Every structure is written in structure tokens, then in C-alpha cells.
Amino acid sequence: MKWVKRGQVFNPADIAGRPQWMHEYAQAPATLVFDDFVRVYFSCRPPRDADGQFVSYSAFVDLDRHNLFRIVNLAREPVLPLGELGTFDEFGTYPMSVIRRGDEVWAYYAGWTRCESVPFNVAIGLGISTDQGVTFRKLGPGPLLEYSPDEPFTMSGPKVRFFNGRYYLFYIAGDAWVLKDGKPEISHKIRMAVSDDGLHWTKQHKTLVPDRWGENESQASPDVFYADGRYHMFFCGWVPRDFRQTRSRKIGYAWSTDLVNWTRDDERVGIDVSSDGFDNEMVAYPHVFALDGRTWMLYLGNQVGRYGFGLAELEGAMA
Amino acid sequence: MKWRKLGKIFDVAQSDFAGEFIGYAQSPQALVCEDRVRFYFSTRPPAENGKFVSVVQYVDMSRDFRTVLGRSHGTVVPLGKLGTFDEHGIFPFSVFRHDGAVWGYSNGWNRRKSVSVDTAIGLAISHDDGQTFTKLGDGPVLGPSLHEPYLVCDPFVRVFDGVFHMWYIYGTGWKAAAPGEAPDRTYVIAHATSADGIEWRRSGRPIITQKHPEECQALPSVIRLGARYHMVFCHRHTFGFRTDPARGYRLGYAWSDDLVHWQRDDARCGLEASTGEWDSDMVCYPHLFACDGKTYLAYNGNHFGRDGFGLAELESEH
Chain A
109 MKWVKRGQVF NPADIAGRPQ WMHEYAQAPA TLVFDDFVRV YFSCRPPRDA
159 DGQFVSYSAF VDLDRHNLFR IVNLAREPVL PLGELGTFDE FGTYPMSVIR
209 RGDEVWAYYA GWTRCESVPF NVAIGLGIST DQGVTFRKLG PGPLLEYSPD
259 EPFTMSGPKV RFFNGRYYLF YIAGDAWVLK DGKPEISHKI RMAVSDDGLH
309 WTKQHKTLVP DRWGENESQA SPDVFYADGR YHMFFCGWVP RDFRQTRSRK
359 IGYAWSTDLV NWTRDDERVG IDVSSDGFDN EMVAYPHVFA LDGRTWMLYL
409 GNQVGRYGFG LAELEGAMA
Chain B
592 MKWRKLGKIF DVAQSDFAGE FIGYAQSPQA LVCEDRVRFY FSTRPPAENG
642 KFVSVVQYVD MSRDFRTVLG RSHGTVVPLG KLGTFDEHGI FPFSVFRHDG
692 AVWGYSNGWN RRKSVSVDTA IGLAISHDDG QTFTKLGDGP VLGPSLHEPY
742 LVCDPFVRVF DGVFHMWYIY GTGWKAAAPG EAPDRTYVIA HATSADGIEW
792 RRSGRPIITQ KHPEECQALP SVIRLGARYH MVFCHRHTFG FRTDPARGYR
842 LGYAWSDDLV HWQRDDARCG LEASTGEWDS DMVCYPHLFA CDGKTYLAYN
892 GNHFGRDGFG LAELESEH
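Chain order of the listed sequences is A and B.
Note that my numbering has the first sequence beginning at 109, numbered continuously upward.
Note that my numbering has the second sequence beginning at 592, numbered continuously upward.
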């Protein structure tokens, strides 16, 4: 498989007069295709607070369907509010994944809270939009997908898909908090749940992709795309080892014919860092979508999307 | 209901646990054994960095509750790993015999930043008659959900007619009594059922009417006497409950004939605070159990059970 980079699409810092809550970062892109434009949801951050802490909001940028490098619209407000005191999404709604449900758009999103012994916990909630994805109303104040004995914390990175009449939610669940130089670093793995209605989910209770990069590797952002008779998963990961490794990101790849059993094959991913530019240190958090006969990958560049995301195009077949 | 108070049957400071633990024998929960009654409770080792944790221990008493026959040694159920729901404490711990083993549902808690804690309910099983328990996993069996967003805790589980019933509580709000003060929580009693004790179906609504919107309801305990189910729980005000006895924990009561509809009737509870006694300012963390044909109520008194627990015997259901 071969991805040809077409360039950087969006960097919040390039938008003059942008709101404070969209100060920097454009992470975890996810698309919703309209007649004339492609809405790309992403997550962004205001400057750090007095304690040096970030919160995350989700927003969108609309790209001209016929020229994806032309921005035609930008969210004026976060698409989801942060949660009330004590709730799972009090300090961030990031990332999110959207799917059309008739006239509605449903967003599965990860909500962040802060803990004492570890920096954060994460759970997955649901928001519903009746205005074509401009704003979302939360279905409830708590998470949709619950923790369980085998998924004890940090359930995040939801990606919702509809295949063969059923809904699939690919996500990650915490495996362990690993102490590195006395600091807790998260290791999470790719998981899946299946649903007939998008509300009631049956967990598979299974880690989908084996480790490859190293001990306690952290897997994230499992983006699944169907093409050429196979399901293709592009995901992101890192190894919580030393500072450099913990802060770096890589893109991994696996394929499946049944959505349950996956074969990891990173060699075939077909995209890597550039020699210079916004993605010369890392490519991360891939999202693949088809548009008008072409297949595209949105991906983050350096510092996990601090300077926004770029676009690559598939050349030839995927399988 | 008419109760005869048997007094404070377990005093931490007078016990073998003194020194090893700084006090507290909270939320006593009984497991009737062949020649004894084992009371599980939550206690506190000396605090590290000024922050306490809650751990489960037990004391064995004769079936007339007059003699201590034994106690736990070491860890009964371990606290959770880094970042888990039960990392900083288990309190309370609800035990019962099932299928040749002893099942224990834990209320695990962990510290948060914007609020003091969050909680969830775990399951651990013992194959040595309740001396040690092994957890089903690192995560909870019942935790926050769409409409029960936090503070899912205080499990009390029993099997009636082949169905697992769990009474528990969940949070309905965190708010500060005044700007700048630490937020306090409000919670209510709910109910879930299960075929296997692991996958739970929540009834999705509070089951006990609140006396006012700032009432907190905690520690539901249920027993069947004849055809009727009786629930004793404790309740307090959201604010000021630590210092004002009028806002502190008291017992509440409700009954049901179908395990679905509950009729609250606190006046019938029949167990009040005793002036000048160990339970003068507070009555909390009730636990109903049967032993040798009698019905008992174990509970804590002042200071949230700091000094020990007491017992009362049911004299009349009416």
C-alpha cells in the first residue's frame, strides 16, 4: 500500500482571530461527508491553566469537497460542552467519532477527568446532533460504555462504524499504569464492542491487535476502513519507556476478514515521516475515508497534532 | 419494628486491632459460619502523607455475640493497582454464601482532583470460607453509567428466588455549601438484578423517595421475613452532617412485597439514637442478618463508626 502525502490541511495557529478555546492542537480527525464539503471533527486546546493543565474541546473545520485544501467554514463554538463537576468528561471531550443516524448525527466521544494517583481517567459517552453535527446534546451525564473487570480504566479513542447491518465500536481500554521514572504512563490496547442500535453494546472482551513495538506498548485510535474485500485497521501507538519514546507516535496496521481476528502487518502501512515540515518527527492518529472515488488519510504531525493535520492519498489498491 | 439494643459489641480500641489500625470498624457485615458469626468491616491503617485508606478486616464472634473467637490476619481483599477504582479503599464490603463459595461485593474508592473521590462496585470471591478473596478483575462490575454518572457504591447483594439483587447508591450531584468550600455529594438508593452476579441490569430509577432534595441515602440492607422484604438504610443531609447531629446519619426504613415497589416509612424503623451513649449523635451503616432464627441489625454510631459497632435484636416486626 502506498500513501502519497498531499500536504498540511489545517493548523489552528494559521487562523487569525481564532477563539481562545481553539488556541492550538487539532487532534484525532474524523470526517462526515456533506454534498459540498467534508466536515472534519478534531480536538483542540486553550492555553494551559494556572496549574499547567490542559482541557480539550472538540470542534470541526469544513473543507471544500472538490478541493480539500480549501477551508470553507470553522466551528464557532465547541460541539460538546464539558461535563459538570465530578462527571467523567469534566476536563475534556476528545476524541470523537461521528455517524449519521437518519437526520441525526451521533458522536461517540471520550470524556476526561483528573485523578490523584494517576493524571487522568477516560470513558466513552454519546452525543446526538439534530443540526447536522454543529452541536451535540449528551444522552446523559455519564458514560455510555461502562468499565468492566477486564477494562478497568481509560476507555478512549472511540471509532464507530456500520458494517453488514451492525454497529461496531473500536476503542481502547487501559491495560496498566506503568511507572516510568516515578511517573505513571498509560498502556492501553485496542478493543471492540458490537451493537444493533448504537446504544446497547456487547463487548468482545478481547484485545484485537498483538503487541509489536515493545513491552506495555500503548495502542490508540483504531480506525477501520473496508476496501478490496478486507477490513483495514490503521492505528497509532507508542511505548511508554523513556521520555522520547513516550512522546513519539507511530502508525500501525492490521487487517481482518471477519472484524474479530486481526493480522498485524505494520510493514504494509505505507506512510512515514517526511524529511521536513509539520510531520518530520511523527505521523499519528490516522483516519481513512473515501470520497468521490479516491481514498484519503488524515493524520497528525509533530507533537501529536499540536500543529494540526495533513492529508495523504492512497495510490493503487489497499489490499 | 421493635429492636432491643445489645450495645456496642465490638470496640476497636479495646480489641486486638488497636495499634495496628488507627480506629474505625465501619459498616459491619455478617457472615454466619458454623460456630461463629464473622463480621467484616472497614478500618484504617496509620495514614501515609496524611491520607488514609480503608481496608477490609473481620472479627469472629460467638453466636451469642459475647465472645471474640478470632480475627483476620493480613489482607482479606487487596486494594487495587495504580489507577484502578479501588486503589484507595474498600468500604463497605457485602458478603454472602453462594454456590459453595463466599461472594464479596466491594465498594472501591479512589481519589479525584475536582471532587474528593469516585467509587465503583467490584466483585471478589473466596474459597476459604471468607478468609481471603480473589478479585474477578482489576475493574468494577458496576460503575458509572449514562444516567448514574458517579459515586456508584454501597452494594448490598442477596439472591432471592434464583435472582441476584443488588441494592446500591449513586450520586445525583456534587456541590459546595458555599463558594470556595469543597464540594459535597448527594446520593440515592437504586436497584439492579442479575442472573449471574456479574452482568447487571439497572432498574434505572431511585427506589426510595427522598424526604428533600438534599437528603443523602446510603447503605441499603434488605432481609426477607415471611413474605415481606424489609430495608433499613441510613440518611443524612448533604451539608453540615459532620458537625451538626441534627443533619447527621439516622436510620430509615422501607418495605416491599415484590422487590420493585418500596414504601418508605421511617417511623417504623424503631431504632433511634440513645442519649449519652456511643450512638447518641449518629446512627449509620446498618446491616440486617438472620442467625439462629433471630433477626439482627448491626450498625455504627457516632463519628461514622470510628470506635466500633453495635448490635440490636428484633423483638417484633410490627
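Some clues are possibly wrong.
What the hints assert, rightly or not - Within a straight-line C-alpha distance of at most 35 Å, the following computed DSBU-like cross-link-like pairs (lysine-lysine) qualify:
{"hint": "1", "chain 1": "B", "residue 1": "K885", "chain 2": "B", "residue 2": "K599"}
{"hint": "2", "chain 1": "A", "residue 1": "K291", "chain 2": "B", "residue 2": "K885"}
{"hint": "3", "chain 1": "B", "residue 1": "K599", "chain 2": "A", "residue 2": "K291"}
{"hint": "4", "chain 1": "A", "residue 1": "K314", "chain 2": "B", "residue 2": "K704"}
{"hint": "5", "chain 1": "B", "residue 1": "K672", "chain 2": "A", "residue 2": "K288"}
{"hint": "6", "chain 1": "B", "residue 1": "K672", "chain 2": "A", "residue 2": "K291"}
{"hint": "7", "chain 1": "A", "residue 1": "K288", "chain 2": "B", "residue 2": "K885"}
As the list claims (entries may be wrong) - To list a few chain B residues with every Cβ distance to chain A over 12 Å, as calculated:
{"hint": "8", "residue": "K596"}
{"hint": "9", "residue": "R657"}
{"hint": "10", "residue": "T675"}
{"hint": "11", "residue": "D677"}
{"hint": "12", "residue": "E678"}
{"hint": "13", "residue": "D709"}
{"hint": "14", "residue": "L714"}
{"hint": "15", "residue": "G728"}
{"hint": "16", "residue": "P797"}
{"hint": "17", "residue": "T800"}
{"hint": "18", "residue": "I814"}
{"hint": "19", "residue": "R819"}
{"hint": "20", "residue": "F880"}
{"hint": "21", "residue": "K885"}
{"hint": "22", "residue": "H894"}
Stated by the list, open to error - Here are the computed distance ranges between Cβ atoms for each label pair:
{"hint": "23", "chain 1": "A", "residue 1": "G322", "chain 2": "B", "residue 2": "V750", "range": "31 to 37 Å"}
{"hint": "24", "chain 1": "B", "residue 1": "G867", "chain 2": "A", "residue 2": "L193", "range": "49 to 55 Å"}
{"hint": "25", "chain 1": "B", "residue 1": "Q722", "chain 2": "A", "residue 2": "K288", "range": "34 to 40 Å"}
{"hint": "26", "chain 1": "B", "residue 1": "E639", "chain 2": "A", "residue 2": "G248", "range": "55 to 61 Å"}
{"hint": "27", "chain 1": "A", "residue 1": "N388", "chain 2": "B", "residue 2": "A769", "range": "31 to 37 Å"}
{"hint": "28", "chain 1": "A", "residue 1": "G401", "chain 2": "B", "residue 2": "K766", "range": "30 to 36 Å"}
{"hint": "29", "chain 1": "B", "residue 1": "S707", "chain 2": "A", "residue 2": "A124", "range": "25 to 31 Å"}
{"hint": "30", "chain 1": "B", "residue 1": "Q605", "chain 2": "A", "residue 2": "F351", "range": "51 to 57 Å"}
Since the hints were derived computationally from the structure, they do not count as laboratory data.
Remember, it's a predicted structure, so these values are computed and weren't measured experimentally.
The C-beta atom is built at its ideal place from N, Cα and C for all residues, glycine as well.
Outcome of the hint check:
Only pairs whose Cα atoms come within 35 Å are accepted, and K885(B) paired with K599(B) is accepted, the gap being roughly 18 Å. At most 35 Å may separate the alpha-carbon atoms for a hinted pair to count; K291(A) and K885(B) exceed this at roughly 54 Å. Between K599(B) and K291(A) the CA atoms are separated by roughly 45 Å; this puts the pair beyond 35 Å, and the hint is violated. Between K314(A) and K704(B) the alpha-carbon distance is near 31 Å, which keeps this suggested pair within the 35 Å criterion.
In summary, the hint linking K672(B) to K288(A) is supported, as the alpha carbons are separated by about 15 Å, within the 35 Å threshold. Distance restraint check for K672(B) and K291(A): the Cα-Cα separation of roughly 15 Å lies within the 35 Å cut-off, and the hinted pair is therefore satisfied. About 56 Å separates the Cα atoms of K288(A) and K885(B), which puts this hinted pair outside 35 Å; it is violated. For K596(B), the requirement that its beta carbon stay farther than 12 Å from each beta carbon of chain A is met, with the minimum near 38 Å.
The claim that R657(B) is not at the interface with chain A holds, since no C-beta of that chain comes within 12 Å of its own (minimum 40 Å). Look at T675(B): its CB is around 5 Å from the nearest CB on chain A, not clear of 12 Å, so calling it non-interface is violated. Distance to chain A contradicts D677(B) as a non-interface residue, since its nearest Cβ pair spans about 9 Å, not more than 12 Å. The beta carbon of E678(B) sits about 6 Å from the closest Cβ of chain A, which is not more than 12 Å, so the claim that it is off the interface is violated.
A Cβ of chain A approaches the Cβ of D709(B) within 12 Å, the least distance being about 7 Å, so the stated non-interface status is violated. Look at L714(B): its CB is around 7 Å from the nearest CB on chain A, not clear of 12 Å, so calling it non-interface is violated. With a closest Cβ-Cβ approach of about 3 Å to chain A, G728(B) is found to fall inside the 12 Å limit, against its non-interface label. Distance check for P797(B) against chain A: the nearest CB is about 15 Å away, which clears 12 Å, and the non-interface claim stands.
Annotated as non-interface, T800(B) keeps its C-beta farther than 12 Å from every C-beta of chain A; the closest such distance is 22 Å. Taking the minimum C-beta to C-beta distance to chain A, about 28 Å, the non-interface status of I814(B) holds against the 12 Å cut. At roughly 33 Å from the closest C-beta of chain A, the C-beta of R819(B) stays outside 12 Å, upholding its exclusion from the interface. No beta-carbon of chain A is positioned within 12 Å of the beta-carbon of F880(B); the least distance is around 27 Å.
The non-interface label for K885(B) is consistent with chain A: the shortest C-beta to C-beta separation is roughly 37 Å, beyond 12 Å. Every Cβ of chain A is farther than 12 Å from the Cβ of H894(B); the closest lies at roughly 25 Å, confirming the non-interface assignment. For G322(A) and V750(B), the hinted distance range of 31 to 37 Å is not satisfied, since their beta carbons lie about 46 Å from each other. Judged by the Cβ atoms, the range 49 to 55 Å given for G867(B) and L193(A) is violated: they are separated by roughly 40 Å.
For Q722(B) and K288(A), the Cβ-Cβ distance of about 36 Å falls inside the hinted range of 34 to 40 Å, so the restraint holds. The hinted window of 55 to 61 Å between E639(B) and G248(A) is violated, with their beta carbons roughly 37 Å apart. The supplied range of 31 to 37 Å is broken by N388(A) and A769(B), whose beta-carbon atoms lie about 53 Å from each other. Distance hint check for G401(A) and K766(B): the Cβ-Cβ separation is about 55 Å, which falls outside the suggested range of 30 to 36 Å.
At about 43 Å, the beta-carbon gap between S707(B) and A124(A) misses the expected band of 25 to 31 Å. At roughly 53 Å, the beta carbons of Q605(B) and F351(A) sit within the given window of 51 to 57 Å.
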